[in-house]
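Asks: So the sequences go chain by chain: A and B. So for the first sequence, the numbering used here puts the first residue at 33; every next one is plus one. So for the second sequence, the numbering used here puts the first residue at 33; every next one is plus one.
Honestly, the hints are just simulated from the structure, not real lab data. You can take every hint at face value.
For chains that are exact copies, the list does not tell them apart, and a pair is met inside one copy or across any two.
Taking lysine to any residue and the SDA-like style, the derived pairs with C-alpha atoms no more than 25 Å apart in a straight line are: (1) Lys35 - His203; (2) Lys38 - Ile281; (3) Lys318 - Arg291; (4) Lys35 - Glu244.
Protein chains: 2
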Amino acid sequence: MNKERKIKGGVCAAEGFVAGATGCGIKTGRVTRDDLSVVYSEVPAVAAATFTTNKVKAAPVRISAEHIRPGRARAVVLNSGNANACTGPNGLADARAMASATAKLLRVKSSQVLVCSTGRIGVPMPMDAILKGISSLKLSRAGGTPAAKSIMTSDTFAKEIALEVTTHDGHFRIGGMAKGAGMIDPNMATMLCVATTDAILSGPALRTALRESVEDSFNRITIDGDMSTNDTVILLANGASRISPSPKIFRHALDIVTRALARLIVEDGEGVSRFVEVEVRRAASKADARRAAEAIANSTLVKCAWAGGDPNWGRILDAVGYCGVKMDEAKTDIFYDDLPVALGGVVSKTPVKKLRQIAAKKAFRVTVDLKVGKASHMVWTTDLTEEYVRLNLGE
Amino acid sequence: MNKERKIKGGVCAAEGFVAGATGCGIKTGRVTRDDLSVVYSEVPAVAAATFTTNKVKAAPVRISAEHIRPGRARAVVLNSGNANACTGPNGLADARAMASATAKLLRVKSSQVLVCSTGRIGVPMPMDAILKGISSLKLSRAGGTPAAKSIMTSDTFAKEIALEVTTHDGHFRIGGMAKGAGMIDPNMATMLCVATTDAILSGPALRTALRESVEDSFNRITIDGDMSTNDTVILLANGASRISPSPKIFRHALDIVTRALARLIVEDGEGVSRFVEVEVRRAASKADARRAAEAIANSTLVKCAWAGGDPNWGRILDAVGYCGVKMDEAKTDIFYDDLPVALGGVVSKTPVKKLRQIAAKKAFRVTVDLKVGKASHMVWTTDLTEEYVRLNLGE
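Looking at chain A on its own, in the form it has when it is part of the complex (with noise of 0.2 Å):
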């Protein structure tokens, strides 16, 4: 019987890892808060990442790809204030300049560095400032929440959690920290996670593991379906707990962790007053239920309404029958928590006001019952509301 327990640390929270952040003015020049920072594993480790699917890559995604490739790594190297995206050949030196500054300080090797980095885009990285930044780094097992914070943004709070699961065996940590899709001005939104853990697992358990954990967390959250640049998120095992747990439990618990921030994200979203999960049930297939979902929670005429505290069904069916599911709007069902508000594809009698309450909340849920076939989906996402505008005007 496993059991999990929240504990303090973040990435540092698990054994054999350690972080520091320092501040270089990467932004604006003037020194004013932590914008970079090194997770680092003192043993070997085994590690896994997925990156954006953007075709447009920023420079640290591609040198991350590359050095992951073996599926080993000891370190992160993570920046705010620059994104290093749409820099060119100059920005993928720039990377491999972070990772190799990184890997001298702590005396591993280049490959087994990875680069992060989130901010403002098509502007050249500060190296000199960077590099000295790099070179003047302390790290230490309560280097976890300083990480955090130096890689905010437009994020209003850090973002982290770790967990010590308690198996048969033992127990292990594992720990992570996010940075939110929050806007840069005046560029674009950014997802980062790093996590670690202490259990013992293989590559390919890891990756396994991560890829699975990645679709039922982040890959559900949607603010406003532009997708970064610089999506990254990592994770590193390098077994110091000496507790290899089974697949199941390990997933349960990475679990959590992905969730946990994935959620945080979207609460932090920039201007957001109402947390929404949207499920499609009984749709014709998987994928018709993530498209219907997704259509939903990206739609800014239903975004808007959720703003407003309106409990509206219009735009929830029409954006149901633009999106190229098979639906029937005689048999869709539409509820806001547990009260509907359109049956068959007609308005319900539950009283206005009832469904009103509900809008209004900062969180609710939003079901569509298709009732065409046996699949669904659920996505996290946002209302969309005069302050996001506000705070994605640009220069």
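Position chain B against the provided structure of chain A, taking the given hints into account.
Replies: Only chain B this time, still in chain A's reference frame:
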């Protein structure tokens, strides 16, 4: 040699067409403005129409699609204030009753009457008021503008245009009215267009011309990416001019009408402060060019940047990257009007001040040159403003 001249009269500019409008208090029960109209050809006419491809179709769309099947129609009855959408079997009966009442007034067959509705969805039609309204309608050649006004919802001005086209054989006329993709409190956007011509056209020629012209006009505009349940474009041709223009001459005139109305719809979009023409060039296929242009035009982040007068290119490149088309960041050029903002995927040397001046204009052009093929596509779109969100907060 044909020559087009703009004339007055809208849908009544062409010979043999009359129209009329009246107020029924459809939305609120109180008569404050005209909200019902009929456009009528005094002689038999061939007819073509295109309807929303949304699987959720409003009752009037279903009835009109049924009535137009033989390719002939004499009249269109239109109302604002209620979309008669998501209204189940009662809605279908109501749409049929509107056609029947109009047919009775005009002494034509019910199957020769098409129906268009726009406004709130999921709400029963106030049929007593509507039927009384229809029976009281007075039609005349002066009815074009009143009809155009009666279909407005959140439109800030009536949209109509008419042309007289001089050919070798004499002149024919073509006119049209439209209502825009503004949101209707508390529900959804609808685009309606009725065009009329006194040219002689066969049914197949009319259908081809309309289909192609809609493809190059209304199907190239996007404000929020949400497609309504009620979108309808109708074209009636009654031959009263006794002129039979070549397909090319007719198509040219029809394109002027549909493009002008499409542009007016975009310019009058809710909360719009920018009109943006987005062109994607040298894509691998027509489908890719369209997909990339629409991804840019529908990107929440790109639209927010435009609202702020930000000549953003990172968000544009990002949208092209995630939409799934063949592209190579290192080949991609992006222009605001004629000035490059990014060349080969990295920032250009164009002074930012000059680019900002363009992005702050009321209308500008964004061109993305992918350099991977030969296909291009152009769409018209808008920015996304706080005002848009405010207007769409719902109840």
